[in-house]
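Protein chains in written order, with the working numbering: chain S, 1 to 392; chain G, 1 to 545.
Wrong hints could be hidden among the right ones.
[Stated by the list, open to error] Covered stretches of chain G, going by a simulated chain S footprint (3 or more residues, C-beta under 8 Å):
no.	segment
1	335-349
2	354-360
3	363-376
[Claimed, not checked] Estimated spans, in silico, between C-beta atoms of each pair:
no.	chain 1	residue 1	chain 2	residue 2	range
4	G	LEU472	S	PHE20	15 to 23 Å
5	S	ARG5	G	GLY399	32 to 40 Å
6	G	ALA383	S	SER99	27 to 35 Å
7	S	THR129	G	LEU472	30 to 38 Å
8	S	LEU9	G	GLY253	24 to 32 Å
9	S	GLN250	G	HIS350	46 to 54 Å
10	S	ARG5	G	ARG182	39 to 47 Å
11	S	GLY172	G	VAL504	39 to 47 Å
12	G	HIS350	S	THR129	15 to 23 Å
13	S	PHE20	G	ILE468	12 to 20 Å
14	S	LEU9	G	ILE433	29 to 37 Å
15	S	PHE20	G	ILE433	34 to 42 Å
16	S	PHE125	G	LEU472	37 to 45 Å
[As the list claims (entries may be wrong)] One side of the interface only, derived from the structure: several residues of chain S facing chain G at Cβ under 8 Å:
no.	residue
17	SER4
18	ARG28
19	GLU29
20	ILE30
21	ASN31
22	VAL33
23	ALA56
24	MET61
25	ASN103
26	SER105
Because the hints were derived from the structure by calculation, they are not lab data.
Glycine included, C-beta positions come from ideal geometry on N, C-alpha and C.
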Amino acid sequence: MKRSRKTLLSLLLVCSLSFFLTGCWDRREINDVAFAMVTGFDKTKDGKYKESLVIALPGKMAGGPGGGGGSGGENPFYVDSDVGINIREATQKMQGRMSRILNFSHRRVIVVGEEWAKSGLTPLFDVVTRVPQNRVTAMIVIADGEASKLIAGTPHMERFSGEAIREIVVTGFGEQPMLKDLAQKISLDGIDPVIPIFRLQPNKGEPKTEEIQASGAAIIRGDKMVEKVEGEEVNDLLWLSDQFKSHASQIMVEGKPVSITVRTGSRRLTVERLGERLVYRLKVSTEGGVFENIAGVDLFTPTKLAAVEEIWRKQLKSKLEKAVAKTQNLGSDIMGAGLILNLANPDEWRARQKDWAEHFSRAEFIIDVEAKIRRVGQISDNVAEPLKEKWR
Amino acid sequence: MTKRDGKDIKKLRWNKSLKDMVKNKQQRRNRYEELSQVDIQELMQKPLCHDLDENKRILQMLFEECSDIVFRDFTIEGTKTKATLIAVDGLVNTQLVDGHLLRSLLNGEGGESNLDLLQERTITATQMSSVENMGELVRQLLNGDTILLVDGNGKGLSVGLRGAEHRGVSEPETETVVRGPREGFTENIRTNTSMLRRKLKTPRLKMKAMVVGRETQTNLVISYLEGIVDPNLVQEVVKRIENIDIDGILESGYIEELIQDDTWSVFPQIMHTERPDTTAAVLLEGRVAVMVDGTPFVLIMPTTLWSMMQASEDYYERWQIGSLIRGLRIMLFLVGMLTPGLYIAIITFHQEMLPTSLLLSIAAARETIPFPAVVEALIMETAFEALREAGIRLPRTIGQAVSILGALVVGQAAVEAGIVSAPMVIVVSITGIASFTVPRFNLAISVRILRYPLMILAAVFGIFGIIIGTMLILGHLCKLRSFGLPYFSPVGPMRYADWNDTFVRMPLWSNEERPLQLNKENERRVGERTSQKIADKGGMKGEEK
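So that you can see chain G by itself, here it is in the shape it has in the complex (with noise of 0.2 Å):
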């Protein structure tokens, strides 16, 4: 609903207006459109009243042509109590109401107008709470729940028979892996702390639940293993989400955006996942994870550059192989950044570096491209960057047609027809398939910003300017913090303890701590015993006779 430019709208009275409005229902929607606009925070606080005429007037003016919320109007069996229940069609589930609710309250028996009474006596549901105001009805009513409202109460009830349509659980799609569970968050709030709870039994599991955004209510759960999370961190978290005031709440990724240090940088400062078990694990380490209702996204703080280049399988598979990859992952991580650039340089200033054989082909290939380098590598990455947005915004389908165009076109057709010469091809091939070894898409996208900038640096200043571009970047993620931890740490600031889980991944036993000094109380995860155990044997060997 938009402003009416220019008019100054007149704060309007709940009481005073609410016999105007019923006059003319033109008027009386341009009131409400008012009303919406500007007094409906008032209304939200008023308490609900005994007369539930009067309730219910106030619920239907505020749901004025919302067809889905559905009202039943009944008696009490047994007295002659009037009733209504409400609840938001689809919301809930129409079984379980008409068992648990309708039939006890209409075949009488417990024939009763005190809403205390029937909770406890009538009702044959588990949730249950009272609401005493309107904004708490209507928050409990959008969510799902069914309220019921009894004549004479000036409260009601809000009964959890929640059973909206939603997506099963199933493979994460952003983060498969080859060993590991194959299940992944939902858009379902309770369905995700549901399987966050199956993996970490414990009561230091804490969710504290928050809700934001003006219109959308977005629930959210700030998830935390109490006793290993640093307690101030949770509290930053929690301070941080409280200052958002935001109109609506889509994804986890306003959230993100919201309450991140830096805006200004390239770089993620917050990780995401998919993955149940990713999240546990991190909860161990002492971090906090968001749970978003409405995205299957959680989002984990603090995060640090390098715990961005750990994939769950690192975990699951051997440490050696582990540790291999991870080395690899790094490795692409830099080549996904420097490559183009490097090449242009190369090529432009430093023909010298080249071993004298590859110089020549790398010559003769280009002997009859028009372009410059450097030209010719924005076309070819600027056409790749084409070819990947394609191929993801596509229907599936249509998808697999534009990979195999893509890789005509830009691959073979553009290098016979000389605009691009083939060693240009390799060059953005391996940068591309580099950059999709990140194992967080989200840095990534870094990647890909970064690699434009220096470029163009290559192509004006040589190496040189890779390397003050390459300063320049490191300078920046020595600078940024994500909630007060370092982000190139263990490596910015420098702590050799967590190295043994940062460039390799050393096997379990031996990472005793927690990484990072996020906590410093309960830092030791591998029991003595353990450790002890396999470091004394090479392995928990049996006894020897």
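Chain S on its own, in the form it takes in the complex (with noise of 0.2 Å):
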């Protein structure tokens, strides 16, 4: 028992040891922590850097002992921006007027001014992936304009633009931006990221609030970004970058609106012929249901249904050939093409990787569709419609 008793004893002189190691000592209480929620990053126009943050303000919160509650008005985060020769000065600057240490674990929303993505984005994962604390699930979107405006917005249904900017691209896009993935397409050859834009609007009810607005897509080639889309064109994009989202169309049978769901979509590339002109195959396959039908049509007849099902097929096809016709234009992978050709043939690959946008821009498509229409609805007239002949 002696033994044991020396064992615990020398054993407890070994932890007290450390209390005179204070210098290494990294406890931070909760509240002494300032905690970023959202980084915007912006490229001033003599060419310096400007970082902006969205703070968590805890005492404002709801839940806080004499904070917020049923106060509202006060916003529970304040936004701060400074500009430095890099990053890490302008950090430093915003640092020095903290009572705060800042802290970035927490950031899950990287927010890219729209001059920064038109200069490159390489750099910006030199800034973020050097501080450990960062998460590499973070989530990086551009901003139409200036970054530090759109993380500035006033989201009604989350505490913060960076969680409303989340929210919204978990709901309407397929894959979420995460730096990760974006680092690996950027450093890719042969793929090329489509990035969400998003935009401050004004809420024209009440109360008047900037809201963030999903506005469309970047196009990128190489770190660059050379294209805004807008639209139903971000569907399209979206669904040849492989990253399906449900979605809305509208088709038009015999000059009367009729609105589908698109609910599935499948996108396969190969490729079909080497040569001195690529040929590829874009095999699209999706599912469909009726929506909405004001104008009537019949979709009880199959053969109508199925004349129905061949204008959406046609519909869809011309859309997504224009939409590899623009990015062919553009000269960005977004397809993963030059990958694809990568896996069926690493020679030929090899061979084109130098100038591979010129290869992808004169390539060939050939785009298979096919579409079907699983569910026009219980009823496929309209209830309140006087009943016809052949009912009677």
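Join these two chains into a complex; the hints should help.
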């Protein structure tokens, strides 16, 4: 027993020694830390860098004693920004006026200004990955304009602009543009990313707030943003980059509109023929359901339904063709055609890797679309319509 | 009685000093005190002599100023022989003594002066034995037997007509069940052995009696099932108890503390129970139970950590719920030990480990708290322990008031005043509830104790400290043994065969063997006929036609 007591004593002694190593103690209370929730990165006109932070104010949040609760009005965050010759300098300047230590471990959204995105994203990855606190699952989006303005938005449903951005991306895009995936896509030849774009939208109703609006997607070539796309085109581009997300599509049948919910969509890209000009085959198959049929197009008769399907198929095909043509014009390989060539024939790929953008632009894409309408609804007619002759 | 300081007490020879003693009362008393210190052992060795008066005088000397010892002198009818009845008032049943002893001796049915003949022919009592020396006589007398001394016999007769007051059999308060027997052990060891005997009606059930404690002379019963238990284990238990030399044993806790393997450990290495059914169950597993007179708590050895996670009801209810609840208990055991430490570590070191919104709510709640998390946790845990202690010690009627006050003060008011944060109250409550789910109270105590060092380690080193602490605890658990059985088995030394009754409780028929290799010869519990039949058809289905 004496031995065990000796062991215990020496253990205690060893542990107590650590109390003298105060310098190594990294204890920091949760209330000595300022949590940056969103960061915005911009490039100024004179070539400097601007960093903007949304910092959470837990004291202003509901739940804290004497805190917000029902008071409303005050935001649970504040936005600060500074300019420096690099990002670190800007951060240091801001830290100088903060009573709490900046912490980036809960930064889940990084917003890049349009200017920076146009000039190339690569330097950004140096900035964010050198901070060990940073999450590799943080999302990167592009601001339509200045990032510092976007992150100052006051969305109604979420507490921070970042959270709103995140939620919108999760619901509206097939794949989250995470730091780790983007870094991979940017560094890899033969595939280019599509990054969501956001802008501020003043609320037209009450109260007057600045809501976060998903305005489109950015097409990236290499690490530079080359095109902003908006509207329905975004869905097609996402589909091409294998990030299908369920969406609604309008088609015209005999001059009458029918709305189709595109539920599932798959994409398969294969190299069809090698040669001077590459030929790819893009097989797209999709299923949808009729969501709205105000005009009362007859969907009950199988032959007519097949006709509607055909219209949809053709429309989809022409849309995808247009989207493909666009990426080819821009030289941005969002479909990953280069990677597919690499997988199919590494030698061919190596021969073309150097000027891949040019090869890609000249490639031919054969698009096969298979579209199926699975659900036309329980009722093919409007329930309020007078019963037709044939049912009497 | 205390020794008078500095004075070297001379050993007194009984025979020589007897006459001097009677001379002066004061002197006699002083001498007597010395006597009780020094020579009582010698006195006890003395055989009874043929002269009744001499025996009586010695006894009266021994029981000087013991008002509860009754001497009843009489002459046996039909002879001229003098006799004396000696009994402890309150320990014997007076009516029975009157009816079976005094009446038969005074009414002259068997006018005999020979004790052997009296025992054979006259006295109508079941339990009788003759006593040959003083020590034996005194022991039997103080255990509640009535002693009959007859002149000219050189021995006495001890008649068991006990009738002491004791608590009746009632529901065990520390181990209540929804389903299962409602009887619990009492303070009377005879009642307890009878309850156990009623559960195990087999001559294999042995009840080896021992006496421990110089002054208390406490009766022990070591019970085991011969042929199921490992004989070496019984030998070891007996040996350890024989090694005990102490003035008093007031509860089985004394025995537990004196015979356990590691006295420095916080983990209990001997289990205790108030339930006869639990005792019977462990005997059937090949363990040994030690009953101690004067307490309803029976010691069970050897014990493993995992067996302390079991409750008797696991086996009485359906096996599915038994398994689920066992899993819950093991989980909550860890929760009870680690939660405050983990909370402190995450709040002060590893903020990135929390989901963002949870982190922000905790930060919001902690915004106005003046203390660091560890101080806050220590305040709350100590307040909680204080409340619990107050609740146990106070009379039941006041106890309720304490719990109301405590809930108000510790829970609501402290949060509203901004002294502690609401998440900390939640953590402390979860911990408290978790430690209550451990079915054995003495294991819950170790959880409570270990919580504090883990909290300190967490505050100083973060998760790293918790891991170090947990590793130390695990290492200790693996090293610990209870009567030769590794405390952490069947996990410590891996034994898969026992896992069907460790983390889960598989159906009874599938637990074919006794656990932990407590016995290697008689291992089978469920007969092949039964287990095979159920295993084949998934139940005792009727014959198909």
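So, going through the hints one by one against the coordinates:
Counting residues of the segment 335-349 of chain G whose C-beta sits closer than 8 Å to any C-beta of chain S gives 3, which meets the bar of three, so the coverage hint holds. Three residues within the 8 Å Cβ limit are the bar, and the segment 354-360 of chain G against chain S gives 3, so the coverage statement holds. Under a criterion of three residues with beta carbons nearer than 8 Å to beta carbons of chain S, the stated coverage of the segment 363-376 of chain G is upheld, 9 such residues being counted. For G:LEU472 and S:PHE20, the hinted distance range of 15 to 23 Å is satisfied, since their beta carbons lie about 22 Å from each other.
At about 39 Å, the CB distance of S:ARG5 to G:GLY399 agrees with the hint of 32 to 40 Å. Between G:ALA383 and S:SER99 the beta carbon distance is about 31 Å. The supplied range of 27 to 35 Å therefore holds. Between S:THR129 and G:LEU472, the C-beta spacing of about 37 Å keeps the proposed range 30 to 38 Å intact. Taking 24 to 32 Å as the suggested C-beta distance range, the pair S:LEU9 and G:GLY253 conforms, at roughly 28 Å.
One distance hint, 46 to 54 Å for the beta-carbon pair S:GLN250 and G:HIS350, holds here, with the actual separation near 50 Å. Restraint check, S:ARG5 to G:ARG182: a C-beta distance of roughly 45 Å satisfies the suggested window 39 to 47 Å. At roughly 45 Å, the beta-carbon separation of S:GLY172 and G:VAL504 lies within the given 39 to 47 Å, and the hint holds. Evaluation of the 15 to 23 Å hint for G:HIS350 and S:THR129 yields a pass: the beta carbon distance comes to about 20 Å.
At roughly 18 Å, the beta-carbon separation of S:PHE20 and G:ILE468 lies within the given 12 to 20 Å, and the hint holds. A hinted range of 29 to 37 Å for the beta carbons of S:LEU9 and G:ILE433 is consistent with their spacing of about 35 Å. Remark: the range hint 34 to 42 Å for S:PHE20 to G:ILE433 is upheld by a beta-carbon distance near 39 Å. For S:PHE125 and G:LEU472, the hinted distance range of 37 to 45 Å is satisfied, since their beta carbons lie about 42 Å from each other.
The closest approach between the C-beta of S:SER4 and any C-beta of chain G is roughly 6 Å, which is under the 8 Å cut-off, so the hint is satisfied. Because the beta carbon of S:ARG28 sits about 7 Å from the nearest beta carbon in chain G, less than 8 Å, this interface hint is met. Restraint check, S:GLU29 versus chain G: the minimum CB separation of about 6 Å is within 8 Å; hint holds. Interface hint status for S:ILE30: upheld, as the beta-carbon distance to the closest one in chain G is roughly 5 Å, under 8 Å.
Below 8 Å, beta-carbon pairs count as interface contacts, and S:ASN31 has one with chain G at about 5 Å; its hint therefore holds. With a cut of 8 Å, the hint placing S:VAL33 at the interface with chain G holds, because the nearest CB-to-CB distance is about 6 Å. For the restraint placing S:ALA56 at the interface with chain G, the shortest Cβ-Cβ distance is roughly 6 Å, inside the 8 Å limit, so the hint holds. Because the closest C-beta pair between S:MET61 and chain G is about 4 Å apart, less than 8 Å, the hint holds.
Annotation: interface hint on S:ASN103 holds; nearest CB of chain G at approximately 7 Å, less than 8 Å. Given the 8 Å rule on beta carbons, the hint for S:SER105 holds: about 3 Å separates it from the nearest Cβ of chain G.
This entry satisfies every hint, going by the numbered hints stated previously.
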